[in-house]
Amino acid sequence: MRETVSPNLLELSNIHVSYGRAEVLHGISLAMKPGSIVTVIGANGAGKSTLLNAVMGIVPSKGTILYDGAPVPRSVEGRVAAGLCLVPEKRELFATMSVEDNIELGGFLRSATERAETRADVYSRFPRLAERRKQLAGTLSGGERQMLALARALMSRPRLLLLDEPSLGLAPKIVVDILNIVAELRKTGVSILLVEQNARAALEIADEGYLVELGDVKLSGPASELAVDPALMESYLGAHG
Amino acid sequence: MKIERLLPGLAGIVLLSVVPLLPVPPFWITILNNIGLASLVTIGLVLLTGVGGLTSFGQAAFCGFGAYTTAVLSTNYGVSPWLTLPLSLLVGAATALPLGLITVRLSGHFLPLGTIAWGLALYYLFGKIDLLGRYDGISGIPPVEFAGYRFLSDDSIYYLIWFFVVAVAIGARNLLDSRIGRGIRALRGGGQAAEAFGVNVVRAKLTVFVFAAVVAALSGWLYAHMQRNVNPTPFGLSMGIEYLLMAVVGGSGHVWGAIFGASIVLILKDVLQRFLPDLIGTTANFEMVVFGILLVVILQLSRDGLWPLVLKALPARPPKPVPVSDRKLSRRTLAPAGTPLIRVDKARKAFGGLVAVNDVSFEVPAGRVVGLIGPNGAGKSTTFNLITGIASLTGGTVFYQGQPMSGDSPRQIARHGIARTFQHAKILPDMSVLENVALGAHLRGSAGVFRSFLRLERAEEAALLAEAAIQLDRVGLSEYRDRSAGDLALGQIRILEIARALAADPTVLLLDEPAAGLRHGEKQELASLLKKLREEGVAVLLVEHDMGFVMGLVDHLVVLDFGTLIAEGRPADVRKHPAVVAAYLGGAA
Amino acid sequence: MTSNMKASLSANQEPGQNLSGIFRNRRNSLLDAMIAAFLIQDGITNGAVYALLGLALVLLFSVTRVIFIPQGEFVAYGALTLALLDGAKVPATISLLVSFGVIAFLLDLWGMRRGTDARTFLRSVGLNLVLPGAIYGITAALAPLGLPSVAKALLTVLIITPMGLYIYRIAYRPLADASVLVLLIASVGVHLAMMGLGLVFFGAEGLRAEPLADENYTVGMLMVSAQSLCIYGATIAIIVALYLFFERTLLGKALRATAVNRLGARLVGVRTHLTGVTAFTLAAAIGAVSGVLIGPITTIYYDTGFLIGLKGFVAAIIGGLGSFPITAIAAIGVGLVESFSSFFASSYKEVIVFGLIIPVLIWLSLSHAFHEEE
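Protein chains in written order, with the working numbering: chain A, 1 to 241; chain B, 1001 to 1589; chain C, 2001 to 2374.
To be clear, the hints were calculated from the coordinates, so they are not data collected in a lab. Hints are not guaranteed to be accurate.
[To be verified] FRET-style restraints, in silico, Cβ to Cβ:
1) 19(A) to 1483(B): 15 to 23 Å
2) 1302(B) to 19(A): 17 to 25 Å
3) 2154(C) to 1131(B): 50 to 58 Å
4) 1302(B) to 69(A): 36 to 44 Å
5) 234(A) to 1399(B): 32 to 40 Å
6) 1101(B) to 2033(C): 39 to 47 Å
All C-beta atoms in this analysis are idealised placements derived from N, C-alpha and C, irrespective of residue type, glycine included.
Chain A on its own, in the form it takes in the complex (with noise of 0.2 Å):
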C-alpha cells in the first residue's frame, strides 16, 4: 500500500483552461477532503461546468490535478477506473437504450462480479428504476432521468462523484428530493464535488463551498459561513441597485 502523503482526495492548483484562444478559468484551486461535499457555486457562464469536465478530463487543462495524492491519469477512461465519475448537466444517457442497459454500461470497467453486487445497491437505492428497468431511457421524466445519470455513476464504483447541475430543469420538489439523495449518497463514503445553481440548496449540504465568478475562484469557506455572505447575493443578482 502506498502511503497517502496528502490527507485531501482532489487537490486542483491553478487550472486553467481555454477554449480556442479565450481562456474561461484562470487558475482555480481547490481542495476537498475524502467523504466531504464540496460545492462550487456562481452565476451562470461563471466556468462552473467546465471546472468539473477538466477534472474529468475532457477538456483540457493546465495546472496540476492530484487525485488520491498523485497525478490523475490522463486519459477519461483511466480516471473512471481510478474511481472518478462525472454526471454531467445533460445527462448524456443512452436514450434509445433500455434502463437497465445504461445501468449495466455504468460499471463497463468494473468485474461481472463487482456489476452484480452494485447493481443490487442501486436499484435498492432507486426502486423507481428497477420498476422501469425495461424502459428506454428518453421516455423517462426528467427527475427519473437525473436518478438514472447517477445510478449509472454508482455503477462504476466512484470514490469521487462530480455533480454538475443535478437539480437544473427539475421542479422544485424534485430538486429536494435529488439533493436528499446526494446527501444520503455522502453516507456511502462516496466525496461529492456539487456544481449547482441552486445555492442556497446547495450550501445546505455542503460542508465547503466555493463562489465562482468569472474564472476565477471569488469567495470560499465553510458551507454555512459562504451562505450568509453578501457577496453571494451580489455575485448572483449584481451589484447596482
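Fit chains B and C to the given chain A structure using the hints.
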C-alpha cells in the same frame, strides 16, 4: 493600383507564357495542358467544397456535359467550336441547376453521398446513350480555329487552356472578394449568421454549385478539342475523386491552391506511371495506391492542404489599403423613442410535451434597452430564437411595428432592420475582421454574381467596406481590421458581432449574452456604446447573465423562469422581487 | 480507369443478367410466373449479400461516424483469396496482411516515442506482428495442401478479418476527432489505396471461386443452388449473431452506447479506440464472409468490390445509416430492383440502382432534423 500587390500574378503569367518557347521536353507541355484542364475543374471545386463547404465527388460529370455537347454539335452538325463554347457552358449550367436544387438541399454527409450517386449514374448514362457513341465515344472532333489558325498542336492549345485558367482564377478571386463571395464564404460556418444578415443561403449554395459546374463544362469543352475525341472514362467517378484529391492536396480554401494541387497530383501521377513499372514490375494504375495514401496522410497531417504551407514560405503581401468611399449608403429613419417596435404576444414554444416558453408577452420600444434574464434553462434563448425566426412559434405572435412576422425566415426578419448577435459567436474565423463586419451590410448592397465576377461593383463594394470600417472604429476594433477574425479573443469576437449587427443599420438590436467573457473595462465600453445607441433611437433587447452589467444598463427587465414570465419592470424593483430572488438563489427566500 | 470500370461492369453480370439473356426472346410476352420466381430468387440472393454489406456500413457509421466506402474491398479481397485457395495457391493477401500489421506497429511505436509501459508494447507486438505472422505461417503451410471448402472459407475469413483492425489503426484512429465529411474523404482515399493494392496483389484478371457446395435442389418449379442456401443461411446467422452481440454482451452494448451518445460512453469508461477497433474488425469479418459467399456466384475482379459495396450503401442509406432492420429489408429491395431492371432494362441497371438513392437522400434530408457537425 499598388503594383507590388499585382507583381506575383504578373510574374506567374509571364512565366506561363514563355514556358512553351523554352527548350523543354514536349511531354512537359502535355502535362501542363492536363494541369490547366484539371485546374479549371478544381477551381470550381475549391469554391464549392473548400469555400462553400459542399463536398462533391461528381464534378467530372459536368466536364462530360461540356465535352459531349461540343463533340455532338461539332461532329454531327458541323457547328463551329466557338459557337459550341457558350452552348457547352449553358448545358453545364442547365444540368447543374436541377441537380444543384436537389443536391444543396441534402444535409451533412448525405450531400457528398448524393454526388457519388449522381456521379455514377451519369457516368453509366454517358456510356449507354447512342447519340454519345456509348462506351466508344465520339471521335473526329474538329480543333478550335481562330482567324484561320487551327489550335492543333499541344503548344498552341496550351495558350488557349491557360488563358481560360488565368481568366477563371482571377474571376473566381473577384467573386470571392465581393458581397456575393462573402455570402458564399459564410456558408461553411453553417450559414446561420449569413441568413441572419439577409443572405439567401440556398441561393448562395446554388450559385457556387452552378459556377463549379460551368467551369467544369469549360474544361470539358477544351478537353474535347484538345483530345479530338471523347468517351465516358474521364467523366466517371474516379476522375471526380481525383479532382477532389487535387482540391484537398492544394488546400481546399484557396483558388491558387487549386492549380497547385492539380500540378502536384498530375506531376506525381506522371512520375509514378513513368517509373513505378520499372520499380515494382506492374504496369497499371499503381498511382491509385499512392493517391489514396496521399489523401489520407494529408487529412491526418495538414487538413487544410499544402497551399497554406507555401503561403507561409512566401513573403507576406502588403495589406489592402483602407477602404474609402464618397458614396453614402442609405440609412433607415429611426422611430421616435418609446414607439413599440417589437411586441411579443403570448409567445409559446413546446418541444413535445415540454413547454420551453409559456405564453410570454413583452415589448421592445425604440430608444430603450430591455433585458431578458432568468436562470439556466429558463427559456431565454428559446424566446430569443422565436423573435429571430430560428425557432417556430407553437402559439402566439411576434409583431414588428404592428405587423405580425411569425413564420418569417431569419432572412426576412433581417430585412426589417432587426440585427442580432449569437450566444455562441458565429463569426467566420478565416475572414478578416473587416469582412466579417461587411457581411452585416449585405442587404445594403445589390451587386450580383456577374458584376462581381467581372469586378464591376467596386464602387458599391468600397462603400460597404467603408461602412464596415466605420462600425469597427465605433466599437474600437479598428486596429484589428486586417487580422483574421479567428485571432481575436472571445470578448473581442463578441464586440465584432455587435459591429457586424451595426453594419446592417438596424432599428432593433438583439444581443445574446454580449457581456459573456468580457473584461471589466470592456463591459463598461460596451455599456456606453449601448447607451449611445439608445440615444440614437435604436431598440435593444439583450439576454444576459451578468446581472451587474444588466442592472446598470437596462430600462426594463423581463424575468423568465421555467419558461414563464415571473416578473418585469424597472431593474431596481425586479431585483427585490421575491420570485426573482428565489429563482436565482434557490430555496424559499 | 475505363478498363477497370468496364471490367467491373462485365464482372457484375450477375445471374439476373444471364437470365435476361435466356429469356430475352420472350421479353414481349407476358412475364410468366416462372421468370418472376427466378428473378425474385436471384434478387434475394444478391440482396442477402448487399444486406451483409449494408449492415456492416451501418455498424461502422453509427459507432465510428466513418462512412466506409471501402467495405466492398473486403468483399473483393475475400472472394479473391478464396479463389486462390481453391487453386491451392498461397494467396497474396497474407503478405498484404503482414504489411498492414507492420505499418500499424510502426505507428504504434511512433505513438509510444514519449515512453510507454511493457504491457502496451507487448500488446502492440502481439496484435500487429505476431498475429499476422501466425496467420501468414498457417496459410503458407495449409494452402498448398488443398483444403476442404469449409476450411478454405474459414481461412479466408481469418486472413481478412484482422485487416479491419489495421485499417482503423492506420487510417482512422489519427482522425478520431475529425468531422464526418473529413472521414468520408479519407474513406475515399482508403478505397483508392485498397483497390490499387488489390490490383497489385491479385492482378487485373478476374477470378471465380468454387462454390461451397455444388448441389442443386428443385423446389416446385424453382431450382435452388446449395450456394444460394449457403448465402441465406450465412446472412441469417450473421444477423442473429450481431443481434446477440449487441443485445447480450456488455461490449456490444458499449458499441451501441457509443453510437447513441459518444460523450456518455466515454464517461462510463468506454474507450473510443476500443469501439473503433471492434467495429472495424466486425466489418472486415462480415466483408470477408460476403466475399466467400459471392465469390462462387460471380467473377470477381480487384475492383468489383466497389460496385457491390455501393449497392450495400444504397441499402444503408435507405436505412438512414442508422437502422439495421430497414437496411436489411432495403438491401433485399435493392437486389430485387437490380434483378428486375437487368431483365427489363439491362443497360440502365446501374443508372436505376444508383439513381434510386437520390430521392431517398432528399427524403432523409427533409425528414431528419439533422445538425451538421462542425
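Which of the numbered hints above does this structure break?
-> No hint contradicted; all consistent.
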